[in-house]
Each structure stands twice: as C-alpha cells, then as structure tokens.
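Could you build all of it, start to finish, from the sequences and the hints given here?
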Amino acid sequence: MSDSTSGQASSAGRSGPNRSFFSQLELDLRLLGMIGAFLLICILFNIMTGGQFLTPRNLFNLTIQTVSVAIMATGMVFIIVTRHIDLAVGSLLATCSAVMAMMQTAWLPDILGIPLGSPWLAILAIIFGILVGGIIGGFQGYLVGFLGIPAFIVTLGGLLVWRNVAWYLTNGQTIGPLNETFQLFGGINGTLGASSSWIVGLIAAAAAVLALVSGRRSKLRHDFPVKPIWAEFVVGGIFVAAILGFIAILNAYEVPSRVLERQFEARGETVPEGFTASYGLPISVLLLIAVAIVMTVVARKTRFGRYIFATGGNPDAAELSGINTRMLTVKVFALMGVLVAIAGLVASSRLTFHSNDIGTLDELRVIAAAVIGGTALAGGVGTIYGAILGALIMQSLQSGMAMVGVDAPLQNIVVGSVLVAAVLIDIIYRRRVEG
Amino acid sequence: MAETKQKIDRSGTPLVAMKNISIAFGGVQAVDDVSIDVYPGEVVGLLGHNGAGKSTLIKILAGAYRMDSGEIWINGEKADIRSPAGARDYNIETIYQTLALADNLDASANLFLGREITTSLGLVDDSAMEAETRKIMHRLNPNFKKFSVPVSALSGGQRQSVAIARAVYFDAKIVIMDEPTAALGVHETEMVAEIIKELKAQGLGIVLISHDTREMMALCDRVSVMKNGALVGTEHVEDVTEDDILSMIILGKNPKREAA
Numbered sequence: 001m002s003d004s005t006s007g008q009a010s011s012a013g014r015s016g017p018n019r020s021f022f023s024q025l026e027l028d029l030r031l032l033g034m035i036g037a038f039l040l041i042c043i044l045f046n047i048m049t050g051g052q053f054l055t056p057r058n059l060f061n062l063t064i065q066t067v068s069v070a071i072m073a074t075g076m077v078f079i080i081v082t083r084h085i086d087l088a089v090g091s092l093l094a095t096c097s098a099v100m101a102m103m104q105t106a107w108l109p110d111i112l113g114i115p116l117g118s119p120w121l122a123i124l125a126i127i128f129g130i131l132v133g134g135i136i137g138g139f140q141g142y143l144v145g146f147l148g149i150p151a152f153i154v155t156l157g158g159l160l161v162w163r164n165v166a167w168y169l170t171n172g173q174t175i176g177p178l179n180e181t182f183q184l185f186g187g188i189n190g191t192l193g194a195s196s197s198w199i200v201g202l203i204a205a206a207a208a209v210l211a212l213v214s215g216r217r218s219k220l221r222h223d224f225p226v227k228p229i230w231a232e233f234v235v236g237g238i239f240v241a242a243i244l245g246f247i248a249i250l251n252a253y254e255v256p257s258r259v260l261e262r263q264f265e266a267r268g269e270t271v272p273e274g275f276t277a278s279y280g281l282p283i284s285v286l287l288l289i290a291v292a293i294v295m296t297v298v299a300r301k302t303r304f305g306r307y308i309f310a311t312g313g314n315p316d317a318a319e320l321s322g323i324n325t326r327m328l329t330v331k332v333f334a335l336m337g338v339l340v341a342i343a344g345l346v347a348s349s350r351l352t353f354h355s356n357d358i359g360t361l362d363e364l365r366v367i368a369a370a371v372i373g374g375t376a377l378a379g380g381v382g383t384i385y386g387a388i389l390g391a392l393i394m395q396s397l398q399s400g401m402a403m404v405g406v407d408a409p410l411q412n413i414v415v416g417s418v419l420v421a422a423v424l425i426d427i428i429y430r431r432r433v434e435g
Numbered sequence: 001m002a003e004t005k006q007k008i009d010r011s012g013t014p015l016v017a018m019k020n021i022s023i024a025f026g027g028v029q030a031v032d033d034v035s036i037d038v039y040p041g042e043v044v045g046l047l048g049h050n051g052a053g054k055s056t057l058i059k060i061l062a063g064a065y066r067m068d069s070g071e072i073w074i075n076g077e078k079a080d081i082r083s084p085a086g087a088r089d090y091n092i093e094t095i096y097q098t099l100a101l102a103d104n105l106d107a108s109a110n111l112f113l114g115r116e117i118t119t120s121l122g123l124v125d126d127s128a129m130e131a132e133t134r135k136i137m138h139r140l141n142p143n144f145k146k147f148s149v150p151v152s153a154l155s156g157g158q159r160q161s162v163a164i165a166r167a168v169y170f171d172a173k174i175v176i177m178d179e180p181t182a183a184l185g186v187h188e189t190e191m192v193a194e195i196i197k198e199l200k201a202q203g204l205g206i207v208l209i210s211h212d213t214r215e216m217m218a219l220c221d222r223v224s225v226m227k228n229g230a231l232v233g234t235e236h237v238e239d240v241t242e243d244d245i246l247s248m249i250i251l252g253k254n255p256k257r258e259a260a
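Chains as they are written, first to last, in our numbering: chain A, 1 to 435; chain B, 1 to 260.
No lab work stands behind these hints, which were simulated from the structure alone.
Do not rely on the hints blindly, as some may be mistaken.
[Stated by the list, open to error] Computed spacing ranges between beta-carbons, pair by pair:
{"no.": "1", "chain 1": "B", "residue 1": "A218", "chain 2": "A", "residue 2": "H222", "range": "35 to 45 Å"}
{"no.": "2", "chain 1": "A", "residue 1": "F152", "chain 2": "B", "residue 2": "P255", "range": "49 to 59 Å"}
{"no.": "3", "chain 1": "A", "residue 1": "S196", "chain 2": "B", "residue 2": "D89", "range": "52 to 62 Å"}
[To be verified] Lysine-lysine pairs mimicking DSS-like chemistry, simulated, CA-CA at most 30 Å apart:
{"no.": "4", "chain 1": "A", "residue 1": "K227", "chain 2": "B", "residue 2": "K145"}
{"no.": "5", "chain 1": "B", "residue 1": "K135", "chain 2": "A", "residue 2": "K219"}
{"no.": "6", "chain 1": "B", "residue 1": "K7", "chain 2": "B", "residue 2": "K19"}
{"no.": "7", "chain 1": "B", "residue 1": "K7", "chain 2": "B", "residue 2": "K197"}
{"no.": "8", "chain 1": "A", "residue 1": "K301", "chain 2": "B", "residue 2": "K135"}
Beta carbons: idealized from backbone N, C-alpha and C, even for Gly.
Written as structure tokens, this is what we have:
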C-alpha cells in the first residue's frame with residue numbers, strides 16, 4: 001500500500017520522460033509474456049519436427065483445433081472471475097452436441113418431415129442446441145446462486161449427469177454424417193477462400209485502427225493523458241501486421257489437387273491447368289472472433305460485465321451496491337451454457353459426426369486455457385483475449401507433442417503439469433506485482 | 001470545547017427517525033426497541049462496545065437487514081426499506097467499516113457501481129464516469145491522482161475518499177458512516193473530519209459510528225450510546241463529559257442522570 005505522496009510521485013512519473021519504451025506503448029506485460037511463450041513453443045517444435053510445425057497446413061489445423069476450447073474458455077473467464085468453477089463443460093458439450101445431432105438426423109426429419117440435407121435442419125438444430133445449453137447452464141447457475149450449493153459440487157455432479165444424458169439420447173451411438181450446412185462451422189469444410197478472407201482481414205485491420213483512433217479521441221475530449229502519437233502508430237502497426245499476417249498464413253494453405261479434382265468431378269468438370277485455390281479463413285475461426293469481440297464488449301462495456309468483475313473482486317461490496325449477485329450467477333452460468341453449445345457445434349461439425357466421447361477432458365483444457373490466460377482463481381481478474389491465447393498455447397503444446405511423437409500418456413502428463421505450473425507462475429507473478 | 005457548535009434547529013420534522021427498532025438473529029436480540037432521530041445538518045454519533053448492536057442498527061437503515069419490528073420515518077413519511085437499492089431511493093448512502101469497494105476496479109468504476117453512466121447504446125461510458133470522478137475527487141481530496149489503477153493500490157485514506165465520494169456524488173440526504181477513520185492515519189482522519197463538517201454545513205444528516213470518544217465529542221451534535229442491543233441514552237455533547245460517555249458505554253447508565 002502506498003500513501004498519498006508516493007501516489008503523486010508515480011502519477012507524475014507517468015507523463016515524465018524517463019518511462020521505458022514498453023511502458024509508453026501501454027501494452028500488457030502479461031500478454032507479451034504469453035505471446036513470447038507461444039512463439040517459443042512454436043519455434044521449439046518447428047526445430048524438433050524439422051520445419052513441419054510452422055507450415056501453413058499445420059497452422060491452419062492448429063487454428064481450427066483451438067476454436068472449440070477457446071470459445072468455452074471465454075465463458076470460463078466469467079465463471080472463474082465470479083469465484084466459481086465449471087467442471088461440467090466437457091459433458092455439457094456432449095449433451096448439446098447429441099441434441100443437435102439427433103435433431104438434424106432423427107427428430108426433425110421424423111416429426112416435422114424436413115428432408116435430410118435441408119439447410120433448415122442445421123439452423124433449427126443449432127438454435128435448439130444453443131437453447132438447451134443456455135437452459136442447462138442457467139439451471140446449474142440457479143443451484144449455485146439461489147440454493148447455495150458450491151459450483152464445484154454442482155458441476156462435478158453435472159460432469160457425470162450431462163455426459164450420460166448425451167449417452168442416453170443417442171443410445172451411445174455415433175451419429176453422423178451431419179448435415180452439410182451444419183458442417184460449415186467445423187473448419188476445413190467451411191472456409192471463405194482467398195479473396196473473401198482478404199476482405200475480412202482488411203475490414204478487421206480498419207476496425208482495429210478505428211478503435212485506436214476513437215479511443216484516443218475520447219480520452220482527449222475529457223483531457224485525460226494519452227500516449228505519444230508514435231506509440232499509437234507502433235501499436236496500430238502491430239495490430240494491422242498481425243491481422244493481415246494471420247490471413248496470409250491461412251491463405252497460403254492451398255487446397256490439395258486431389259481434393260480439387262474431386263470437387264470439379266462432382267460438378268462434372270475437370271480441373272483447369274495451373275488452377276489453385278486457398279482455404280482461407282475458416283468460418284469456425286470467424287465465429288470465434290465474433291464470440292471474442294462480443295465477450296470483450298460484454299466484459300468491459302456493459303453493466304453486466306462490470307458487475308461480474310465487481311462481484312468477483314468483493315461479493316459483499318457488490319451486494320451492498322444493489323447488485324443482484326444471485327441472478328448474476330444464473331446469467332453467468334447460462335452464458336457459459338450457450339458458449340458450450342456453440343463450441344459443441346464447432347467440435348461435432350469438425351469431426352462431421354457426434355461421438356459418445358466428444359468433449360471428454362475439455363473441462364481441463366478450458367480451465368487451463370483460462371488460467372494460463374491470466375484468469376485469477378481468487379476471482380475478479382481475467383481477460384477474454386488471454387483465455388483465447390491460453391487455449392492456443394495448450395493446443396499448440398498438444399499438437400506439437402503429437403507431431404514429435406510423444407507417447408499419449410506422456411502428452412497428458414505434460415498438459416496436466418503445465419496447468420499446475422501455470423498457476424504457480426501466476427501466483428509468483430502476482431506476488432511480485434502486488435508485493 | 002474549543003469550537004462553538006452551531007445550534008441545530010430541532011423544531012421541524014427529523015430527516016430520519018428510527019422508532020422502536022428490534023431485530024433478533026437466532027436467539028440473540030441484536031437490537032432491542034431502539035429509537036434514534038437525525039435532523040438536517042446534524043451529526044449523531046452511535047457509541048458502544050463491539051456487539052452492542054450499532055452496526056446492526058445502521059444496516060437496517062441502509063437496507064442490508066430487515067427489522068423484525070419498528071418503523072423508519074424519512075422526512076415525516078413512513079419509509080419501507082427492503083434492500084440497499086431501496087435505501088438509496090430514499091437518498092440514504094452508507095460508508096461501511098469494511099470499505100465496500102471492489103478492490104479490482106478503479107475509482108470511477110467503484111464510485112458508479114450499480115449506477116453506471118451509460119451511452120445511448122446502453123454501454124457503460126467510462127470516459128464520462130472518469131470525468132465526473134475527477135470533478136468530485138478534486139473537491140473532496142485534491143491530492144487524489146490515481147484514477148486508472150485498481151483501488152487495491154490506494155492508501156486507506158484514498159480509498160475512504162472514494163467511498164465518501166460515492167455518497168456525496170449521488171446527492172445523499174442521509175449519510176451513514178461506520179467507523180470511517182478506523183483504518184486511517186492522523187492526517188487522513190483529519191481529512192475525513194473536514195469532509196464530515198462540509199456535509200453537515202450542506203444540511204445533510206449524518207449517522208456516525210466510532211470507538212474514539214474524543215473524536216465523537218468533536219464531530220457530533222448528539223451521541224447515542226448502546227449496550228447489549230438496547231439504547232442507554234442520547235445526550236447533547238455540550239451537556240456531557242467524555243467520562244460521562246465512557247460510563248454510559250461501560251456501565252450502561254449516565255452517572256449525572258442517576259444523581260439528578
């Protein structure tokens with residue numbers, strides 16, 4: 001704790017000339033650390049695999065494998081920030097996936113007579129699946145918030161219950177192949193192609209620049225301190241380069257010639273000489289980006305998000321400020337359920353079928369992603385982008401080990417250890433920052 | 001007494017009157033048939049041992065507890081306070097002993113917690129809130145500069161000024177302060193005392209809880225002493241000595257009144 005004089009000193013130092021290069025950029029040190037760790041993992045595996053890791057093909061796969069866990073991790077941030085935990089996400093994913101699979105392959109065609117292959121099957125299945133996820137999540141939130149059962153117990157029970165509800169719904173069978181429209185959300189079966197990807201990338205880059213400009217204007221309007229203009233340009237440049245670089249990598253992954261041949265054959269044509277096509281941005285990644293933006297806005301710019309963080313920081317203060325923390329718990333768990341359903345959509349459509357063991361151990365990956373991404377288990381602290389980066393780190397670790405040929409049991413041993421180590425590093429980091 | 005107290009006009013209706021308030025937790029009668037009132041521009045002190053029922057009494061007024069029996073009258077009208085938000089609707093603001101601040105949020109997020117300024121899109125308007133926070137903090141504590149850090153990084157006095165700013169900003173008519181200076185140094189305690197005097201000059205009614213009898217004698221117009229949940233008595237500070245107050249706290253009776 002500092003007294004008022006040191007407060008003045010440090011605030012005077014803020015605008016002083018001796019601030020370091022990095023502090024002038026006002027970038028999150030923690031974020032830089034995570035990006036550093038990710039790059040280190042990538043480079044290490046790239047060396048160990050003889051250059052196989054950092055190929056467009058592998059990076060494309062890595063991206064689409066991350067989406068499902070990353071979507072859930074954004075919701076887990078809110079759960080952990082409010083000092084709860086959700087151990088049931090993997091099982092709930094299975095239930096939502098089972099519901100969506102049964103809807104499109106059995107219930108809707110049998111009851112409403114919608115023909116198989118109709119896009120309506122996918123649309124109705126997705127809406128219903130999301131509804132089921134939200135309701136089950138909200139129900140778990142009710143048990144936690146209103147009945148006072150610890151979230152650990154509610155969701156530990158849920159871990160068993162929803163896994164077996166999924167089993168019951170499908171009789172333990174693998175359900176597939178899933179509807180073609182549904183499969184668009186899985187990754188490789190639904191991509192934008194090169195030119196549309198570039199357009200999305202340019203729009204995203206423009207939006208990032210616009211956000212920086214409007215943020216600076218708003219600060220200037222209220223006479224708040226702003227960072228030097230060169231720092232704004234550096235940060236903006238990094239954003240634009242990262243976005244366009246990402247698109248360039250995805251576009252560099254070309255559709256293999258035999259796949260092209262098959263596609264053209266299906267239309268009764270032959271592949272023209274020298275014809276190539278890129279996969280580009282997968283729709284599932286676009287979905288993740290949309291989820292990330294919405295969740296970030298919710299976290300930072302809505303009352304709901306403000307109350308989530310306030311409740312996590314001091315539940316009594318939140319209650320005394322007139323916040324209905326019980327209802328807030330229901331909403332947070334319901335939101336988690338909705339995100340689990342969306343993740344279930346991505347996971348099952350990536351596989352092109354629903355399997356009985358879908359989402360197994362996802363609770364561990366999701367919690368690990370959130371924690372590696374800087375979400376404090378004590379509550380009150382966490383970021384959406386951190387959780388997504390955490391998911392990417394976990395996935396790259398797992399994919400990399402698989403590529404190097406690490407045995408399956410060893411892979412899980414490493415993943416489990418990384419989770420524990422990440423929490424330890426987090427504790428040490430916070431002690432040093434706050435100490 | 002060094003400074004002469006300005007005479008409080010107690011002829012009109014009290015700003016707040018708590019009448020025959022009782023509440024029990026399990027078998028314990030935490031507050032037993034207690035009545036207190038506060039007039040505009042008046043500071044009423046609540047004294048007593050830990051567990052005497054002071055904090056419980058003010059939590060009823062603040063909407064954190066529901067009383068078992070009794071009545072609360074605000075400005076001559078019977079009030080029905082069911083929640084902290086309900087108390088705020090009657091312009092009652094509370095500054096808690098434990099500093100009801102969310103440590104992980106910055107000053108303006110705390111100041112506006114539960115009552116955020118929103119843009120036309122319904123999103124929270126952080127810039128507008130920070131601008132308002134800068135204005136009010138400039139008035140209350142001109143040295144305050146840490147607007148963009150979590151309040152966990154602030155000193156006790158700085159945190160207390162955030163909590164007080166919260167009461168002042170929303171046009172409180174009645175301010176409840178539960179040991180506002182308990183965690184503060186000498187300098188910061190003086191600052192809080194200045195703020196209390198300023199609020200008093202503006203015609204607010206203040207209920208102050210403290211263990212520091214001397215401080216209470218300096219700041220309050222009247223003091224009410226509680227023991228074991230019951231009211232021992234309410235005295236004008238100019239009529240009693242510190243020793244009288246202490247014997248009321250410890251023995252549960254006023255020696256002067258006993259003698260008279």
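The hints, checked one at a time:
A hinted range of 35 to 45 Å holds for the C-beta pair B:A218 and A:H222, which are about 39 Å apart. Look at A:F152 against B:P255: about 57 Å separates their beta carbons, and that is inside 49 to 59 Å. Between A:S196 and B:D89 the Cβ separation comes to about 53 Å, which falls inside the hinted range of 52 to 62 Å. Restraint check: the Cα-Cα separation between A:K227 and B:K145 comes to about 17 Å, which is no more than 30 Å; the hinted pair holds.
In summary, the hint linking B:K135 to A:K219 is supported, as the alpha carbons are separated by about 15 Å, within the 30 Å threshold. Between B:K7 and B:K19 the alpha-carbon distance is near 24 Å, which keeps this suggested pair within the 30 Å criterion. Pair hint B:K7 plus B:K197 holds up; C-alpha atoms about 14 Å apart against a cutoff of 30 Å. With a CA separation close to 22 Å, the supplied pair A:K301 and B:K135 stays within the 30 Å bound.
Every hint from the earlier list agrees with this structure, and none is contradicted.
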